[in-house]
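Using the sequences provided together with the hints, build the complete structure.
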Amino acid sequence: MPWPELLVIVSLILLNAFLVAAELAIVSSRPARLHKFVSDGKRGAVAAASLNADPGRFLPAVQIGITVVAILSGAYGELTLAPSLAYALEGVEWLGSWSSWLASFIVVATISYFSLVIGELVPKRLALANREVIACLVAPTLNVWATISTPISFFLRLSTDAVLRLAGPMKAEPEVTEEEVKSMIAEGTEAGVFEKAEQEIIERVLSVADRSVRSIMVPRRDIIWLDVNDSEEAIFNDIFSSGHSRFPVCRDDVDETFGVIHAKTLLEQCRHGGKINLEAAIMAPLYVHESTNVLKLLEMFKNTLVHMAIVLDEHGTVQGIVTPADILAGIAGELPEEEADIGQSAVQREDGSWLLDAQMPVYEVERVLDVNGMAVDDAEYTTLAGFVLAQLGHIPAVGEKFRWRSWVFEVIDLDGRRIDKVLAFRPV
1 MPWPELLVIV
11 SLILLNAFLV
21 AAELAIVSSR
31 PARLHKFVSD
41 GKRGAVAAAS
51 LNADPGRFLP
61 AVQIGITVVA
71 ILSGAYGELT
81 LAPSLAYALE
91 GVEWLGSWSS
101 WLASFIVVAT
111 ISYFSLVIGE
121 LVPKRLALAN
131 REVIACLVAP
141 TLNVWATIST
151 PISFFLRLST
161 DAVLRLAGPM
171 KAEPEVTEEE
181 VKSMIAEGTE
191 AGVFEKAEQE
201 IIERVLSVAD
211 RSVRSIMVPR
221 RDIIWLDVND
231 SEEAIFNDIF
241 SSGHSRFPVC
251 RDDVDETFGV
261 IHAKTLLEQC
271 RHGGKINLEA
281 AIMAPLYVHE
291 STNVLKLLEM
301 FKNTLVHMAI
311 VLDEHGTVQG
321 IVTPADILAG
331 IAGELPEEEA
341 DIGQSAVQRE
351 DGSWLLDAQM
361 PVYEVERVLD
371 VNGMAVDDAE
381 YTTLAGFVLA
391 QLGHIPAVGE
401 KFRWRSWVFE
411 VIDLDGRRID
421 KVLAFRPV
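If you read the sequence shown in the UniProt record's numbering, its first letter stands for residue 1, the second for the next number, and so on.
By construction, these hints were calculated from the structure, which means they are not laboratory data. Cβ atoms here follow ideal geometry from the backbone N, Cα and C, with glycine treated the same way. There's no promise every hint is true.
Unchecked claim - Straight line, CA to CA, 30 Å or less: simulated BS3-like cross-link-like pairs of lysine-lysine:
| no. | residue 1 | residue 2 |
| --- | --- | --- |
| 1 | K124 | K182 |
| 2 | K302 | K182 |
| 3 | K296 | K182 |
| 4 | K182 | K275 |
| 5 | K275 | K196 |
| 6 | K124 | K42 |
| 7 | K36 | K196 |
| 8 | K275 | K264 |
| 9 | K36 | K182 |
| 10 | K42 | K182 |
| 11 | K264 | K302 |
| 12 | K401 | K421 |
| 13 | K196 | K182 |
| 14 | K264 | K296 |
| 15 | K421 | K196 |
To be verified - Simulated restraints on C-beta separations:
| no. | residue 1 | residue 2 | range |
| --- | --- | --- | --- |
| 16 | N229 | G274 | 16 to 26 Å |
| 17 | V205 | D313 | 25 to 35 Å |
| 18 | I118 | A197 | 38 to 48 Å |
| 19 | D313 | Q63 | 56 to 66 Å |
| 20 | E299 | Q63 | 40 to 50 Å |
| 21 | R125 | V205 | 31 to 41 Å |
| 22 | K182 | N277 | 49 to 59 Å |
| 23 | A32 | F155 | 25 to 35 Å |
| 24 | N130 | E180 | 13 to 23 Å |
| 25 | F114 | E366 | 42 to 52 Å |
Here it is, written out as structure tokens:
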């Protein structure tokens, strides 16, 4: 048995395994995790982060090593092991002149098998399972090899860039997408790293960043406003019956909004003077267009004492109002008000169908039904009721239904002409 030759081949296969594991571990490592290792002072983390940030510096060197090792292991094995095996096979009479060819085939096939399993598949599995840890272990050695191979690597890098230029410009995709983050959070929840509530809040925060204030505002018809021309008794009745703390102040019509007032300010006036004066207590309103991003409005709230925004359309018509509480509701979900009927906007029934409040924002319906495409940027609606009207094209009757993708939506209840409840189910 040619043990020295076998030892050389095994060494070449293990070297190939090292290079494969090193390449995959560094390329697939998460930069944030490597930077954390750097700040923790983990050995090899600096080299790993450097190679991860510039893979073009070491990839040619690794490919040189892998290619050379593969050629050497096959050629060396065929030259050293095949003759011995051919000699042994010559004793098999029926093989005849085929013994030499068969010996070469067996040697090459065996080396290829072990190279594939031990030199490729196993190190790749290990690298993916412990990418940052392995990256830190192999990075210093790989850094030295990349430096030694710099002349050849430089030539290969130029050649690669030239071929890519011939192929035309390529648009680089972001390293991390929002969908990937959501998938990672979902996997973390399944693994027990995150609570279900944490997953929902994170997904809501990511969702808020893509939405306009129109999707979270209190619509015009639900605005409770104070008329500067009303009597003191009427104003207090509006305040106490609403349960709110901030109000837009108007003159005869909501489109004539000229200020915002805090109920606490009026109570202070009563305590000191006994009579209220709306115009003396109002603050200049914060006007925003309905297409304003929710996060941008949040920044505006942080820079002003007026925590109520008047939402206008392109014609300057009031479409609704937004407060920090509405933004919080978009992130954490609707919070029941005092003395309100505490119910659920979405209730799943035993048969798997969903009974939905028609005033649910469409982005919430998407989350509940696990679908995409209901909320579109140029849509004229923000609620499930608006979505139903857009699909049907008319005010529906109770029992009217339509199919959208894999779901059927049926109008269950109307409040006058307003859609109140909708049933969503998958057809059998």
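Checked hints:
no.: 1; hint: K124 / K182; in the structure: holds (25 Å)
no.: 2; hint: K302 / K182; in the structure: holds (28 Å)
no.: 3; hint: K296 / K182; in the structure: holds (22 Å)
no.: 4; hint: K182 / K275; in the structure: violated (54 Å)
no.: 5; hint: K275 / K196; in the structure: violated (51 Å)
no.: 6; hint: K124 / K42; in the structure: holds (23 Å)
no.: 7; hint: K36 / K196; in the structure: holds (26 Å)
no.: 8; hint: K275 / K264; in the structure: holds (14 Å)
no.: 9; hint: K36 / K182; in the structure: holds (22 Å)
no.: 10; hint: K42 / K182; in the structure: holds (29 Å)
no.: 11; hint: K264 / K302; in the structure: holds (20 Å)
no.: 12; hint: K401 / K421; in the structure: holds (12 Å)
no.: 13; hint: K196 / K182; in the structure: holds (13 Å)
no.: 14; hint: K264 / K296; in the structure: holds (27 Å)
no.: 15; hint: K421 / K196; in the structure: holds (27 Å)
no.: 16; hint: N229 / G274: 16 to 26 Å; in the structure: holds (20 Å)
no.: 17; hint: V205 / D313: 25 to 35 Å; in the structure: holds (27 Å)
no.: 18; hint: I118 / A197: 38 to 48 Å; in the structure: holds (45 Å)
no.: 19; hint: D313 / Q63: 56 to 66 Å; in the structure: holds (58 Å)
no.: 20; hint: E299 / Q63: 40 to 50 Å; in the structure: holds (48 Å)
no.: 21; hint: R125 / V205: 31 to 41 Å; in the structure: holds (34 Å)
no.: 22; hint: K182 / N277: 49 to 59 Å; in the structure: holds (51 Å)
no.: 23; hint: A32 / F155: 25 to 35 Å; in the structure: holds (34 Å)
no.: 24; hint: N130 / E180: 13 to 23 Å; in the structure: holds (20 Å)
no.: 25; hint: F114 / E366: 42 to 52 Å; in the structure: holds (51 Å)
Of the numbered hints given earlier, the model fails hints 4, 5; all others are met.
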